[in-house]
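Trainee: Here is how the chains run, residue by residue.
2 protein chains.
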Amino acid sequence: MTMAFSSLTPVFVAIICVLIGIIVKGRKTNSKNEPRKTSKKAESRPWVDDDLKDSTDLHPEEEDDGEWQESEDIAHTPFSLERYSEEDMIKRSKNFYELLNKRRSVRFISDEPVPREVIDNVIKTAGTSPSGAHTEPWTFVVVKDIEIKHKIREIIEEEEEINYKKRMGDRWVNDLKRLRTNWIKEYLDTAPYLILIFKQVHGMLPDGKKKTHYYNEISVSIACGILLAALQNVGLVTVTTTPLNCGPRLRVLLGRPTNEKLLMLLPVGYPSKDATVPDLTRKPLDDIMVVV
Amino acid sequence: MTMAFSSLTPVFVAIICVLIGIIVKGRKTNSKNEPRKTSKKAESRPWVDDDLKDSTDLHPEEEDDGEWQESEDIAHTPFSLERYSEEDMIKRSKNFYELLNKRRSVRFISDEPVPREVIDNVIKTAGTSPSGAHTEPWTFVVVKDIEIKHKIREIIEEEEEINYKKRMGDRWVNDLKRLRTNWIKEYLDTAPYLILIFKQVHGMLPDGKKKTHYYNEISVSIACGILLAALQNVGLVTVTTTPLNCGPRLRVLLGRPTNEKLLMLLPVGYPSKDATVPDLTRKPLDDIMVVV
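Protein chains in written order, with UniProt numbering: chain A, 1 to 292; chain B, 1 to 292.
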């Protein structure tokens with residue numbers, strides 16, 4: 001009995017060593033995970049869909065002061081802006097509202113050609129958007145090639161069909177109406193231009209290190225808002241789409257680098273003769289504005 | 001010797017049991033963390049700063065088809081839009097670019113009053129923005145009350161001072177230049193209007209359940225882009241700010257519900273006589289546009 005144990009002793013010791021080893025290893029991985037779960041990094045991760053898995057962390061503790069401007073020591077120059085009379089301001093604000101209030105998301109787009117110079121100008125306009133620390137983290141890929149447009153349509157319809165059919169299961173019972181929609185997106189062929197908007201989730205510094213692009217998704221979304229206004233201003237239509245799970249395949253198709261992630265796709269052209277839109281209304285001012 | 005070991009045996013066994021216990025526990029917590037790290041929820045969590053911790057998850061598998069329109073069975077109506085000649089389109093696109101290219105982020109704002117009707121119109125214009133599934137998930141809080149503006153300034157400067165001083169430590173060595181910036185934001189007192197833009201991270205259904213607001217942050221950011229264009233169009237200036245860690249206190253100060261999270265704060269007014277802006281340039285078209 002005693003003999004047996006004493007002979008087993010080295011085994012016990014071995015077991016203990018192994019177990020301690022396992023624990024220490026476990027501790028290490030934990031301590032690696034904890035901060036990811038609790039640190040600002042994790043909380044400040046921008047929204048990402050399946051396409052956008054790689055790190056676009058913000059680092060609030062390295063964040064600029066919340067104003068979207070380089071805080072570096074850059075020379076300042078005097079600024080002035082054309083000043084309108086109050087009467088003119090009211091008239092201009094009313095006219096601009098009436099122009100943009102006619103904007104609708106249109107998915108019936110004519111194949112009539114659109115002057116390329118207009119596309120250049122609306123994208124230059126989007127490029128005037130502010131951005132976190134003036135990083136200008138956007139790339140506008142304008143697709144006019146018929147075959148590439150069709151490849152884009154194939155990728156999106158393939159993914160949308162999967163999304164759609166997966167959804168049907170979930171919604172079958174309580175939302176039969178949704179079944180009337182489908183994943184066919186003819187406008188991806190007919191629209192003379194597809195504008196794919198990529199956000200640059202980080203930049204590159206001369207020393208090859210990653211340059212953080214603060215608020216890159218918000219910045220690029222703001223630029224898209226300005227782009228939508230510019231399109232409406234010239235009488236072109238589009239529909240704001242965020243193709244689900246298509247980002248990586250479209251990025252590869254268009255040869256964009258890995259630091260660029262698809263944020264939006266806008267088919268652009270004239271509305272087709274038989275274009276229709278859902279009979280939706282917008283919230284009145286009192287429902288969206290509070291004055292204190 | 002042998003005696004010693006045999007008497008220690010129970011101790012070995014005890015130790016082994018404890019160690020095994022610890023390992024099993026460790027395993028449990030790991031397996032609890034794994035899914036959180038890899039699930040869609042975690043990946044699809046919108047960007048949140050310290051203010052915005054509560055759930056604004058997207059569920060791509062429940063996502064609509066990527067087009068920002070109700071897929072419900074809504075009646076469709078014919079759509080048409082004013083058609084401009086190609087010459088007019090080019091001219092309009094050029095003029096709009098030149099107007100918006102004069103926009104700069106300005107933090108020297110005059111206390112001259114601005115017609116309230118203009119503010120109403122620019123916010124109505126922002127409200128024409130598209131939104132995921134037409135949820136219109138935005139609330140624009142317009143602050144003109146002098147005392148509330150000052151309270152907002154106190155909250156922001158208090159937080160910014162902390163952010164700033166925390167930052168100084170990190171950057172002391174390699175970025176002395178940044179020290180020239182500070183956390184004083186006089187424009188929060190002087191601007192006749194502060195527009196605080198809240199995103200509604202979810203809505204409420206009649207049955208009291210949460211209504212998912214797909215892409216609420218992107219939607220509200222697009223609306224901000226349109227708002228910036230509307231402000232520039234009437235000769236008003238602002239600076240795009242995302243006050244770090246101030247959201248909850250500002251939300252409470254303004255009495256907004258918990259489903260609303262501060263996304264942006266825009267001080268709005270005329271530029272002050274001595275306003276200056278950093279001498280920054282914008283990327284040329286070739287650096288932001290790719291045509292295929």
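Wrong hints could be hidden among the right ones.
If several chains are the same, the list does not tell them apart, and a pair holds so long as it fits within one copy or across any two.
[What the hints assert, rightly or not] Computed list of lysine-lysine pairs in DSS-like fashion (alpha-carbon distance at most 25 Å, straight line): (1) Lys211 x Lys166; (2) Lys283 x Lys102; (3) Lys94 x Lys210; (4) Lys165 x Lys94; (5) Lys210 x Lys102; (6) Lys209 x Lys102; (7) Lys91 x Lys102; (8) Lys151 x Lys211; (9) Lys209 x Lys166; (10) Lys211 x Lys283; (11) Lys144 x Lys94; (12) Lys166 x Lys210; (13) Lys144 x Lys91; (14) Lys151 x Lys91; (15) Lys283 x Lys273; (16) Lys283 x Lys165.
Hint data in this document are derived by calculation from the structure and do not stem from the laboratory.
Trainee: Taking the hints in turn, state whether each one holds.
Mentor: Comparing the hints with the structure gives:
In this assembly of identical chains, Lys211 and Lys166 lie within 25 Å of each other by CA distance solely across copies; the values are 20 Å between and 38 Å within a copy. In this assembly of identical chains, the alpha carbons of Lys283 and Lys102 lie at most 25 Å apart only when taken from the same copy (14 Å versus 31 Å across copies). When the C-alpha separation of Lys94 and Lys210 is checked against a cutoff of 25 Å, the pair qualifies neither within a copy, at 44 Å, nor between copies, at 35 Å. Within a single copy, Lys165 and Lys94 get their C-alpha atoms no closer than 44 Å, and across copies no closer than 44 Å, so neither meets the 25 Å cut-off.
Taking the shortest alpha-carbon separations for Lys210 and Lys102, neither the intra-copy value of 42 Å nor the inter-copy value of 31 Å comes in at or below 25 Å. Taking the shortest Cα distances, Lys209 and Lys102 never come within 25 Å of each other, neither inside one copy (46 Å) nor across copies (33 Å). For a Cα distance limit of 25 Å, the shortest separation of Lys91 from Lys102 qualifies both inside one copy, at 17 Å, and across copies, at 20 Å. Taking the shortest Cα distances, Lys151 and Lys211 never come within 25 Å of each other, neither inside one copy (33 Å) nor across copies (35 Å).
Taking CA atoms no more than 25 Å apart as the test, Lys209 paired with Lys166 passes between copies only; the shortest distance there is 23 Å, against 40 Å inside one copy. For the homomeric pair Lys211 and Lys283, the shortest alpha-carbon distance between copies (17 Å) is at most 25 Å, but the shortest distance inside one copy (40 Å) is not. When the C-alpha separation of Lys144 and Lys94 is checked against a cutoff of 25 Å, the pair qualifies only between copies, where the shortest distance is 21 Å, while the shortest distance within a copy is 35 Å. Taking CA atoms no more than 25 Å apart as the test, Lys166 paired with Lys210 passes between copies only; the shortest distance there is 22 Å, against 37 Å inside one copy.
In this assembly of identical chains, Lys144 and Lys91 lie within 25 Å of each other by CA distance solely across copies; the values are 22 Å between and 38 Å within a copy. Taking the closest pair of Cα atoms, Lys151 and Lys91 never come within 25 Å of each other, the shortest separation being 46 Å inside a single copy and 33 Å across copies. For the identical chains of this complex, Lys283 and Lys273 are neighbours neither inside a copy (28 Å) nor across copies (38 Å), given an alpha-carbon limit of 25 Å. In this assembly of identical chains, Lys283 and Lys165 lie within 25 Å of each other by CA distance neither inside one copy nor across copies; the values are 32 Å within and 42 Å between.
Violated hints, listed in ascending order, are 3, 4, 5, 6, 8, 14, 15, 16; each of the other numbered hints is respected by the structure.
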